[in-house]
Amino acid sequence: MRQYILRRALLILPTILGVTLLISALLQILPGNVADIIVAESGGLNPALTKEQIEDDLGLNESLFGIDALGFLVQWGQWLGGIVQGDFGEYFRSDRPVIDELLSRAPVTLQLSAMALVLSLLIALPIGVLSAIRQDTPADYAARSSAIFMLALPSFWLATMFIVLAGQYANELLPPFIYHDLWEDPESNLRQTWAPAVILAFGLAGGVMRLTRGQMLEVLRQDYVRTAWAKGLRERTVITRHAIKNAFIPVVTLIGVQVPLLVSGSVVLEYIFSIPGLGQMLLEGLSQREYLAVLGVNVFVATVIVITNFAVDITYSFLDPRIRYA
Amino acid sequence: MAIREEAFAIPTEEEAQQPPWSRWLWGIAVFTRRKPLGAFGAVILILTLLVAVLSPEIARFPYTEPHFSDSLSDPTSKYWFGTDNLGRDFFSRMVIGTQITVLAGLGTVLLAAVLSLIVGGISGYLGGRVDMISQRLVDVWVALPPIFLLLTFVAVLGREGGGFLGLGRGPEVGLDPRRGDWIWYTFFRSTVVIVSLGLIFAGYGSRVIRGAVLAIKANVYIEAARALGASDTRIMLRYILPNIMPVVIILATLNLGTAVLAEATISFLGFGIQAPFPTWGQMLAVDGRVNGPEQQYLMIVPGAAIFICVYGFNMLGDALRDVLDPRLRGSR
Chain A
291 MRQYILRRAL LILPTILGVT LLISALLQIL PGNVADIIVA ESGGLNPALT KEQIEDDLGL
351 NESLFGIDAL GFLVQWGQWL GGIVQGDFGE YFRSDRPVID ELLSRAPVTL QLSAMALVLS
411 LLIALPIGVL SAIRQDTPAD YAARSSAIFM LALPSFWLAT MFIVLAGQYA NELLPPFIYH
471 DLWEDPESNL RQTWAPAVIL AFGLAGGVMR LTRGQMLEVL RQDYVRTAWA KGLRERTVIT
531 RHAIKNAFIP VVTLIGVQVP LLVSGSVVLE YIFSIPGLGQ MLLEGLSQRE YLAVLGVNVF
591 VATVIVITNF AVDITYSFLD PRIRYA
Chain B
888 MAIREEAFAI PTEEEAQQPP WSRWLWGIAV FTRRKPLGAF GAVILILTLL VAVLSPEIAR
948 FPYTEPHFSD SLSDPTSKYW FGTDNLGRDF FSRMVIGTQI TVLAGLGTVL LAAVLSLIVG
1008 GISGYLGGRV DMISQRLVDV WVALPPIFLL LTFVAVLGRE GGGFLGLGRG PEVGLDPRRG
1068 DWIWYTFFRS TVVIVSLGLI FAGYGSRVIR GAVLAIKANV YIEAARALGA SDTRIMLRYI
1128 LPNIMPVVII LATLNLGTAV LAEATISFLG FGIQAPFPTW GQMLAVDGRV NGPEQQYLMI
1188 VPGAAIFICV YGFNMLGDAL RDVLDPRLRG SR
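Top line first, the protein sequences correspond to chains A and B.
Taking the numbering used here, the leading residue of the first sequence gets 291, the next gets one more, and so forth.
Taking the numbering used here, the leading residue of the second sequence gets 888, the next gets one more, and so forth.
Errors might be hidden in some of the hints.
Take a look, some chain A residues computed to stay more than 10 Å from chain B by CB distance [claimed, not checked]:
1) Asp513
2) Ile604
3) Asp610
When the alpha-carbon atoms are kept at most 20 Å apart in a straight line, the in silico EDC-like pairs for lysine to aspartate or glutamate are as follows [stated by the list, open to error]:
4) A:Lys341 with A:Asp385
5) B:Lys1104 with B:Asp1018
6) B:Lys922 with A:Asp430
7) B:Lys922 with B:Asp1119
8) B:Lys922 with A:Asp426
9) B:Lys1104 with B:Asp1119
Hint data in this document are derived by calculation from the structure and do not stem from the laboratory.
Ideal placement from N, C-alpha and C gives every residue a C-beta, glycine not left out.
Using the sequences and the hints given, assemble the complete structure.
Given below as structure tokens:
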């Protein structure tokens, strides 16, 4: 067991290093005039900003062994050294440290994702279980087709329709203009986040529902469930004690799979509902060419995902001892 | 002829002597009866393809032609889906937008299939150190949330005035690409999206292909082929490739819906194909969000089109998976 955890943990660092290298390399293929564009667009907002400064920040004028194309390796090294000390660089326009922005936005995305995750489990688990117990009944068909619908419904379509229709018929449902922190003003915060959380949960629930149903069906066919029935146990006991416990194990891993989906989904919904989370930071960074902020968000999110996946794998191996020997 | 339950089953001797088209028709009939939703998805796919191919003929007006006196019109016999705020015919714009849906969707799926075959195939077949290293690289690839990587790619590769290697730049296009050669014009507009999406999908795809190759490699007939002196290339191309084709086809069909949805998402966010060329996601963002309050068709039509396509393609993928390779059931 300890060996398994150690082996998995050893993979975390190279993966994160690889992510940073990949993103640094992406910067290298930016067209050469990018520094000019940034200076021109910032329009003197930051007088200290010059072309040389930006090229230096982005490592565009570095070279290794006299080869310009390898310059990103130098820049990668410098940037990595900064990250280790918690320094992700600064915004070109405002000199604001990227790390400050990351830390102030991460809780917002975390809150939205957590709400969506809990909601999706609340919707999907009971329906998935019910759908398996009552296999091939109208209720099962209804649950299955709604799961397929949920998987195909574009979240940005739902969100657009919600905003437009609420604006016309139910103004009180519209999100407030200014975002408030959950601890500062819970009511205003929830009025802004409930709709995106529900929409996000909808998209996730389809997948969880299908997996839960599949797992339940598999478990219900097992010998130990038949034994439980043969002992004359009540249906409720068979389902809760014998079936659900075993069926939910793989569902735990799905939560790990969902983290990237949650973050991805929140990009679109943060944009539509103007919630200042990491997704919005990415979009703003891209459209304003604040590439150090883009790099920072990517590395930050990738790190969170790698660590969650690790945690989920470890939990899974505790729940299901067979995995460790696989 | 006895009633056969399995679609795509090996034909009996009697059937094999019939002309191929009659066997295909029979196969389609069996598939439709056993997988009605899959058949529905196939119909949607064929319809989308037809609309895209014939789009210059179907569109009733040039997609940029304004009719200011008729702006934000309701659906009428002249404007089937109404008009947007400039009075452009929404139906024509939807039809032209299908070109992007089809090209970006199919292009992505093809690129992803080729890349994941190469990476997954080599990794699975050679095994050992090559497998270890390439799998760690794939780890890095899939560690990033898809949309983050996608948006970063699109922003880095595609840039006004020509991006990396000239991607996203095409032959200069007038306002209305002439009929016939639209694929040439539209394809270049979508190259950035295709390359970005294809690279991202290939990461996940190569995992699936690698798994399939490992399973096939364990078969005795591979060992037999090797004992007969077949080279690695021959084994890969003649023995393994045909056997993983079902997996590739299923993966591609399942990816098609996701690709269409992803293209719509980045166009919705304003990073995809640029206006005035219409795409469904961009129309939903521009016309739907801005003019939706006055003319609700503008937000319902593009969203519904995206939804129906994604739903249909997913159904087709699910059905093909059940028919071609039931072992993959639940892998998604």
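Going through the hints against the structure:
1. Asp513: Non-interface label on Asp513 (chain A) holds, nearest chain B Cβ at 21 Å vs cutoff 10 Å.
2. Ile604: 16 Å, holds
3. Asp610: 17 Å, holds
4. A:Lys341 with A:Asp385: 15 Å, holds
5. B:Lys1104 with B:Asp1018: This hinted pair holds, its Cα atoms lying about 14 Å apart.
6. B:Lys922 with A:Asp430: 18 Å, holds
7. B:Lys922 with B:Asp1119: 39 Å, violated
8. B:Lys922 with A:Asp426: 16 Å, holds
9. B:Lys1104 with B:Asp1119: 12 Å, holds
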